[in-house]
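Chemist: Below, each chain spelled out in residue letters.
There are 2 protein chains.
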Amino acid sequence: MANQSKLIERLINELTKMPGIGRKTAQRLTYFLLKAPDDYVSNLAHLLNEIKEHVKPCRECGNLTEVELCAVCADETRNRQLICAVEDPADIALIERTGEFNGVYHVLMGVISPLEGIGPDQLRLGELVKRVQTGRVVEVIVATDPDVEGDTTAYYIAKLLSPLGVKATRIARGLPVGGDLDFADEVTLAKAIAGRQEIEE
Amino acid sequence: MANQSKLIERLINELTKMPGIGRKTAQRLTYFLLKAPDDYVSNLAHLLNEIKEHVKPCRECGNLTEVELCAVCADETRNRQLICAVEDPADIALIERTGEFNGVYHVLMGVISPLEGIGPDQLRLGELVKRVQTGRVVEVIVATDPDVEGDTTAYYIAKLLSPLGVKATRIARGLPVGGDLDFADEVTLAKAIAGRQEIEE
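Chains as they are written, first to last, in the numbering used here: chain A, 11 to 211; chain B, 11 to 211.
The shape of chain A in the complex, shown without the other chains (with noise of 0.2 Å):
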């Protein structure tokens, strides 16, 4: 569009970069940004510079902490036998919501995807291995995603564990909760019958 202010179309073009963000998507919130105050638009621009500055990888799990170690690794109260594996930081955050998790994490940094060229070897796999070994860990959750990669990526997991005599366990898949029968699909409901459980009385 060549009647347009060429800041405003390079701003609407790095936005559409962005994660579910298309063009009209990157149009809106650049004119929001234009009418927003001047405080918050710096305050924004200032908060993505100290991210990329202060923000890194845990040195114990991979979480994205400001500091040395993570919040949960920190946290002396947290079961250090009982790790869960997740593909990425995110998912620590969706855990921990829960508040039903009292152990540590692993980030995985992804999952086996051949299809995107990602093999074990781009995974932090290595490092999973050496804190099994040196730790008093007892199992290891493996929470990604229940799709092909998800699932391929916790049968390597549960492979590459089970000489060094940890459980490895998978989260149960099933019907959501508040769900209905009738618009649940097969697979999710054979994985729901098999993976019963005893009604406690």
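Read the hints as simulated data drawn from the structure, not as lab findings. Check before you lean on any hint, since a few could be wrong.
Cross-link-like lysine-lysine pairs, in silico, DSSO-like; alpha carbons within 30 Å at most [stated by the list, open to error]:
| # | chain 1 | residue 1 | chain 2 | residue 2 |
| --- | --- | --- | --- | --- |
| 1 | A | Lys34 | B | Lys62 |
| 2 | B | Lys62 | A | Lys62 |
| 3 | B | Lys45 | B | Lys16 |
In silico negatives: residues of chain A with every beta carbon more than 10 Å from chain B [said to hold, decoys possible]:
| # | residue |
| --- | --- |
| 4 | Arg20 |
| 5 | Pro29 |
| 6 | Gly30 |
| 7 | Lys62 |
| 8 | Glu76 |
| 9 | Pro99 |
| 10 | Glu126 |
| 11 | Asp155 |
| 12 | Gly160 |
| 13 | Ala168 |
| 14 | Thr179 |
| 15 | Ala182 |
| 16 | Pro186 |
| 17 | Thr198 |
| 18 | Arg206 |
Virtual Cβ for every residue (Gly too), placed ideally from N, Cα, C.
With the hints as your guide, set chain B onto chain A.
Modeler: Below, chain B without anything else, positioned relative to chain A:
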């Protein structure tokens, strides 16, 4: 979430203030930014500061520009007898993309909306009257949204301009091109019938 970096949390919070960005989207964008190349993020931060510093309203029409006159107003081939009044600068980009309008624009900076406490005084209507009085304007096309506020604003502008001997017109309401008669609501269909045009042979 106590277990996350404070900077990450602050960035997520700031992003959720943008239109159409909920908490999940803000998280996804934040993790994208954390993984993105340093260049991309610092460039984005730089652009945010730049637009706030350099992009200002055009002296003539109120469009956003980095120089005194926007590209449309600076273009000597545009027809200055025809002014298209729009709600905000984003609408200019939309109309320019059609390639069908060769006149100039006037940004109203909103529409009359009693519910939101926006009266005619808060719009750039005085500037519009002044342009009509001093220029060679023949017609003002009101291209506000086809809703109650947009229509109210159009009627107000028509009344305001009638003593000045300038024609005020409204963009056509009708069926969207490529749409289906079955899916049109009654009001749109009624407008489409009322606004019917002779078929040119």
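Chemist: Now look at each hint and say whether the structure bears it out.
Modeler: Now for the hints, and whether the structure bears them out:
no.	hint	result
1	A:Lys34 / B:Lys62	20 Å, holds
2	B:Lys62 / A:Lys62	22 Å, holds
3	B:Lys45 / B:Lys16	17 Å, holds
4	Arg20	6 Å, violated
5	Pro29	5 Å, violated
6	Gly30	7 Å, violated
7	Lys62	5 Å, violated
8	Glu76	5 Å, violated
9	Pro99	7 Å, violated
10	Glu126	14 Å, holds
11	Asp155	14 Å, holds
12	Gly160	17 Å, holds
13	Ala168	27 Å, holds
14	Thr179	22 Å, holds
15	Ala182	22 Å, holds
16	Pro186	16 Å, holds
17	Thr198	22 Å, holds
18	Arg206	31 Å, holds
Of the hints listed earlier, those the structure fails to meet are numbers 4, 5, 6, 7, 8 and 9, in rising order.
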